[in-house]
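Given next are the chains, with one letter for each unit.
Number of protein chains: 2
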Amino acid sequence: MEIEQYLEQEMPRIIDEWSSLLRIPSISCEASHKSDMYACAERWRELLLKAGMQKADVMPTTGNPIVYAEYMTDTCAPTVLVYGHYDVMPVEPLEQWRSNPFEPIVKDAKLYARGADDDKGQSFIQYAAFEYLRKHNRLKCNVKFILEGEEEIGSPALTPFMLEHKELLKCDIILVSDTSMISRDIPSITTGLRGLAYWQIEVTGPNRDLHSGHFGGAVANPINVLCKMLATITDEHGKITIPHFYDDVLPLSAEEKEMIQSIPFSEEQYKSAIGIDAVAGEEGYSTLERNSCRPSFDICGIWGGYTGEGSKTVIPSKAYAKVSCRLVPNQDHHTISEQFAEYIRTIAPQSVKVKVTPMHGGAGYVCPIDLPAYQAAAEAFEKAFGKKPVAARRGGSIPIIADFEQILEKKTILMGFGLEENAIHSPNESMDLNIFRQGIIAVTEFYNRLPNRL
Amino acid sequence: MEIEQYLEQEMPRIIDEWSSLLRIPSISCEASHKSDMYACAERWRELLLKAGMQKADVMPTTGNPIVYAEYMTDTCAPTVLVYGHYDVMPVEPLEQWRSNPFEPIVKDAKLYARGADDDKGQSFIQYAAFEYLRKHNRLKCNVKFILEGEEEIGSPALTPFMLEHKELLKCDIILVSDTSMISRDIPSITTGLRGLAYWQIEVTGPNRDLHSGHFGGAVANPINVLCKMLATITDEHGKITIPHFYDDVLPLSAEEKEMIQSIPFSEEQYKSAIGIDAVAGEEGYSTLERNSCRPSFDICGIWGGYTGEGSKTVIPSKAYAKVSCRLVPNQDHHTISEQFAEYIRTIAPQSVKVKVTPMHGGAGYVCPIDLPAYQAAAEAFEKAFGKKPVAARRGGSIPIIADFEQILEKKTILMGFGLEENAIHSPNESMDLNIFRQGIIAVTEFYNRLPNRL
Numbered sequence: 001m002e003i004e005q006y007l008e009q010e011m012p013r014i015i016d017e018w019s020s021l022l023r024i025p026s027i028s029c030e031a032s033h034k035s036d037m038y039a040c041a042e043r044w045r046e047l048l049l050k051a052g053m054q055k056a057d058v059m060p061t062t063g064n065p066i067v068y069a070e071y072m073t074d075t076c077a078p079t080v081l082v083y084g085h086y087d088v089m090p091v092e093p094l095e096q097w098r099s100n101p102f103e104p105i106v107k108d109a110k111l112y113a114r115g116a117d118d119d120k121g122q123s124f125i126q127y128a129a130f131e132y133l134r135k136h137n138r139l140k141c142n143v144k145f146i147l148e149g150e151e152e153i154g155s156p157a158l159t160p161f162m163l164e165h166k167e168l169l170k171c172d173i174i175l176v177s178d179t180s181m182i183s184r185d186i187p188s189i190t191t192g193l194r195g196l197a198y199w200q201i202e203v204t205g206p207n208r209d210l211h212s213g214h215f216g217g218a219v220a221n222p223i224n225v226l227c228k229m230l231a232t233i234t235d236e237h238g239k240i241t242i243p244h245f246y247d248d249v250l251p252l253s254a255e256e257k258e259m260i261q262s263i264p265f266s267e268e269q270y271k272s273a274i275g276i277d278a279v280a281g282e283e284g285y286s287t288l289e290r291n292s293c294r295p296s297f298d299i300c301g302i303w304g305g306y307t308g309e310g311s312k313t314v315i316p317s318k319a320y321a322k323v324s325c326r327l328v329p330n331q332d333h334h335t336i337s338e339q340f341a342e343y344i345r346t347i348a349p350q351s352v353k354v355k356v357t358p359m360h361g362g363a364g365y366v367c368p369i370d371l372p373a374y375q376a377a378a379e380a381f382e383k384a385f386g387k388k389p390v391a392a393r394r395g396g397s398i399p400i401i402a403d404f405e406q407i408l409e410k411k412t413i414l415m416g417f418g419l420e421e422n423a424i425h426s427p428n429e430s431m432d433l434n435i436f437r438q439g440i441i442a443v444t445e446f447y448n449r450l451p452n453r454l
Numbered sequence: 001m002e003i004e005q006y007l008e009q010e011m012p013r014i015i016d017e018w019s020s021l022l023r024i025p026s027i028s029c030e031a032s033h034k035s036d037m038y039a040c041a042e043r044w045r046e047l048l049l050k051a052g053m054q055k056a057d058v059m060p061t062t063g064n065p066i067v068y069a070e071y072m073t074d075t076c077a078p079t080v081l082v083y084g085h086y087d088v089m090p091v092e093p094l095e096q097w098r099s100n101p102f103e104p105i106v107k108d109a110k111l112y113a114r115g116a117d118d119d120k121g122q123s124f125i126q127y128a129a130f131e132y133l134r135k136h137n138r139l140k141c142n143v144k145f146i147l148e149g150e151e152e153i154g155s156p157a158l159t160p161f162m163l164e165h166k167e168l169l170k171c172d173i174i175l176v177s178d179t180s181m182i183s184r185d186i187p188s189i190t191t192g193l194r195g196l197a198y199w200q201i202e203v204t205g206p207n208r209d210l211h212s213g214h215f216g217g218a219v220a221n222p223i224n225v226l227c228k229m230l231a232t233i234t235d236e237h238g239k240i241t242i243p244h245f246y247d248d249v250l251p252l253s254a255e256e257k258e259m260i261q262s263i264p265f266s267e268e269q270y271k272s273a274i275g276i277d278a279v280a281g282e283e284g285y286s287t288l289e290r291n292s293c294r295p296s297f298d299i300c301g302i303w304g305g306y307t308g309e310g311s312k313t314v315i316p317s318k319a320y321a322k323v324s325c326r327l328v329p330n331q332d333h334h335t336i337s338e339q340f341a342e343y344i345r346t347i348a349p350q351s352v353k354v355k356v357t358p359m360h361g362g363a364g365y366v367c368p369i370d371l372p373a374y375q376a377a378a379e380a381f382e383k384a385f386g387k388k389p390v391a392a393r394r395g396g397s398i399p400i401i402a403d404f405e406q407i408l409e410k411k412t413i414l415m416g417f418g419l420e421e422n423a424i425h426s427p428n429e430s431m432d433l434n435i436f437r438q439g440i441i442a443v444t445e446f447y448n449r450l451p452n453r454l
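Chain order of the listed sequences is A and B. Everything in the first sequence is counted per the numbering used here, starting at 1 for the first residue and increasing by one. Everything in the second sequence is counted per the numbering used here, starting at 1 for the first residue and increasing by one.
Don't read these hints as lab results, they were simulated from the structure. Possibly wrong hints are sitting among the right ones.
The list treats identical chains as one, so a pair stands whether inside a single copy or across any two.
[What the hints assert, rightly or not] Derived BS3-like pairs (lysine-lysine); straight-line CA-CA distance at most 27 Å:
id, residue 1, residue 2
1, K271, K239
2, K355, K271
3, K387, K271
4, K355, K318
5, K50, K388
6, K271, K318
7, K228, K318
8, K353, K271
9, K383, K410
10, K388, K318
11, K228, K239
12, K228, K353
13, K411, K318
14, K166, K383
15, K228, K355
Whole structure, please, built from the sequences with the hints as guidance.
As structure tokens, then:
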């Protein structure tokens with residue numbers, strides 16, 4: 001049966017099985033969801049065996065378990081290692097969801113749920129493509145699946161797992177569906193990712209909350225201090241001021257700049273889609289350069305003092321922020337992490353105590369477009385979407401891609417099918433079911449076109 | 001019966017009655033406590049009648065009700081208007097309380113509860129003094145009580161109430177117990193208060209939370225912008241940078257500086273009491289000048305983005321702060337409020353929308369120490385505490401004191417019995433029962449010494 005006909009016939013069942021994963025609230029950063037992590041891993045294991053894997057295991061790690069499955073058909077054929085993650089982001093602010101984040105619903109040809117795209121949806125594209133080829137005996141290569149449960153918290157257990165199971169994970173190419181296309185009309189394959197460094201900052205002033213009338217003006221307010229420190233991290237040109245921060249940033253080549261300029265992009269549409277009047281960022285760079293090829297500094301969360309209704313006049317004892325830098329390939333996140341902590345130590349006034357806790361980090365990645373596997377992916381995209389895909393460096397981070405390269409010594413093809421409008425990490429995350437269908441076709445085409453020597 | 005003997009005999013009952021007020025969670029800034037406001041007002045009315053007031057009413061206002069009571073004995077004698085408030089501050093962070101904030105407990109001669117000092121405790125000192133004099137027919141003057149339920153939210157209904165009931169509130173002097181002494185060993189009477197202006201700031205960036213990888217560096221982050229704006233409000237010399245902010249600030253006279261220097265004060269003890277290594281504030285001023293006679297800027301609360309466990313990489317749609325300035329006498333809080341909003345408008349970048357909402361404000365106050373009523377209060381303090389009290393300008397704000405002067409055209413004597421260690425507005429608020437007792441004695445002495453012509 002051809003893939004198009006198969007999908008027409010099987011889609012309701014595929015959505016049912018996919019939904020069984022989406023219903024499990026596998027939020028990795030909240031300890032209360034520990035048992036959901038195991039439930040989700042176990043559900044993946046059942047499904048992978050059902051799809052025709054020869055073996056599938058829920059393997060313990062120092063953190064959440066890893067699901068590993070394999071189908072080995074021909075020792076001479078190349079082996080594809082498919083990576084995905086079954087953990088999801090928190091769902092706050094819950095009141096902005098139009099439906100229960102863990103009760104998938106289909107509306108206007110989109111499926112809404114936390115994880116609908118990132119990454120239960122995209123992983124399920126991989127799953128459905130494998131199932132189709134396997135059931136119809138059209139799989140010419142070996143396939144391994146590895147699904148982790150800690151991607152959204154920086155994959156702390158994955159690197160040790162890889163080091164321990166290098167033989168098990170041996171492969172010729174790694175295939176990951178966890179990135180986005182530029183848009184529905186501009187299919188693209190991600191050829192670069194940014195790195196990440198993330199910290200929590202705690203500023204402690206007085207040993208208890210103080211009345212701002214009795215103490216105001218004479219005692220350092222931890223929130224005032226925190227804001228002042230954070231404000232200095234970027235200057236009026238949008239540059240990050242941490243000493244030596246840009247030392248390892250490679251300048252964009254004329255060729256890279258040209259490739260970015262060739263991407264159809266409307267700044268007006270970009271602004272209107274997210275409801276802003278003006279973009280902002282590093283001077284001398286375009287929006288697409290800023291959000292993909294240049295580092296950035298964002299305060300992801302801040303809190304302290306009285307945040308309830310009305311007005312309370314208080315100097316709080318403590319103030320906190322969660323802050324992150326997106327990094328570019330060649331910047332080492334360990335070095336940046338130390339530079340940041342050192343910088344904060346340097347600027348912290350004596351009137352408060354400041355603690356910087358590194359949360360997680362990862363390196364960036366670049367994939368050369370002359371790689372045979374990249375060529376197979378590009379042709380598969382053209383077949384599925386009717387257009388040659390753009391090779392695009394993107395702004396997000398998948399720190400473990402750099403680890404794959406280092407430990408497994410293989411390149412990764414980022415066949416991502418997300419769309420910006422899918423609102424990953426945000427309320428009302430969704431997956432367009434037509435893109436989902438085209439994604440499954442693209443992955444089957446990739447397997448069909450993969451050359452024997454990689 | 002003499003007051004000392006009376007208090008020895010009656011203290012358990014007095015604490016019982018006082019506790020009946022403390023048990024009512026009359027938090028004025030939280031709408032859910034509306035019915036508690038009425039319950040607390042009603043309980044005060046019952047108590048005031050029981051203490052011997054000729055009448056006591058719970059009077060409606062545009063907000064929480066006002067309790068008014070009077071005892072008129074002699075039309076030729078002076079009339080004292082006692083002001084207090086029955087509303088209290090919120091109790092967050094609740095986990096830092098060692099006992100239920102609304103279940104008063106006595107431990108080591110201190111009573112612990114929200115409002116134990118501010119202002120149910122201090123108002124009850126006034127109450128007990130009145131009750132003693134009234135029961136023993138020793139009251140030579142007329143006494144009116146007015147207790148409001150919105151002091152902690154800026155007394156929005158009190159000024160209209162005063163304007164409407166000027167005749168009812170007619171008096172010769174106003175007596176308020178809602179301030180602190182310098183310390184247990186340094187009895188003091190507050191002769192000056194700072195004014196206040198308070199705002200909430202809302203910064204809106206994109207119309208939804210964005211993935212910081214896909215957008216970071218290209219879109220203004222509302223928290224980054226908020227921190228940058230707030231950081232500019234004070235400079236490296238601790239000066240407030242809002243244009244024209246200091247225009248109406250009167251310089252401290254040599255005499256005032258001398259009086260402040262004469263106050264016994266140990267900066268080492270001050271720092272160790274609140275657990276800080278260094279004080280901080282406006283250059284060229286001492287700690288006591290900074291926290292009483294100079295304006296200040298404090299961020300009382302800040303929030304935005306992801307504040308839960310772990311790390312979420314997000315550019316939030318919104319960020320918020322609650323900010324306030326303490327003002328000094330002669331600074332107009334309306335003018336400052338407009339200057340602040342105008343300043344924020346000026347510095348807000350085009351990449352975000354900024355909304356400034358004035359929350360409340362009030363003028364400062366100065367009481368001349370040659371006032372006969374001040375002299376009576378000073379003698380009463382000396383009698384009760386065994387030491388001549390220091391005349392001290394303090395840093396807190398009671399905005400309605402300035403309104404009393406403007407509308408009722410009378411001065412206020414601030415006979416306050418608080419202590420810094422009472423931790424008002426903070427967890428584990430308390431009242432020292434010995435100070436409570438001395439306070440009652442001081443108020444009865446004040447009535448005894450009040451001259452017929454004020």
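Structure-based check of each hint:
{"no.": "1", "hint": "K271 with K239", "verdict": "within (22 Å within a copy, 38 Å between copies)"}
{"no.": "2", "hint": "K355 with K271", "verdict": "between (37 Å within a copy, 20 Å between copies)"}
{"no.": "3", "hint": "K387 with K271", "verdict": "within (26 Å within a copy, 69 Å between copies)"}
{"no.": "4", "hint": "K355 with K318", "verdict": "both (11 Å within a copy, 26 Å between copies)"}
{"no.": "5", "hint": "K50 with K388", "verdict": "neither (34 Å within a copy, 89 Å between copies)"}
{"no.": "6", "hint": "K271 with K318", "verdict": "between (36 Å within a copy, 16 Å between copies)"}
{"no.": "7", "hint": "K228 with K318", "verdict": "both (15 Å within a copy, 19 Å between copies)"}
{"no.": "8", "hint": "K353 with K271", "verdict": "between (40 Å within a copy, 14 Å between copies)"}
{"no.": "9", "hint": "K383 with K410", "verdict": "within (26 Å within a copy, 87 Å between copies)"}
{"no.": "10", "hint": "K388 with K318", "verdict": "neither (53 Å within a copy, 38 Å between copies)"}
{"no.": "11", "hint": "K228 with K239", "verdict": "both (16 Å within a copy, 14 Å between copies)"}
{"no.": "12", "hint": "K228 with K353", "verdict": "both (14 Å within a copy, 21 Å between copies)"}
{"no.": "13", "hint": "K411 with K318", "verdict": "neither (45 Å within a copy, 39 Å between copies)"}
{"no.": "14", "hint": "K166 with K383", "verdict": "neither (34 Å within a copy, 85 Å between copies)"}
{"no.": "15", "hint": "K228 with K355", "verdict": "both (15 Å within a copy, 21 Å between copies)"}
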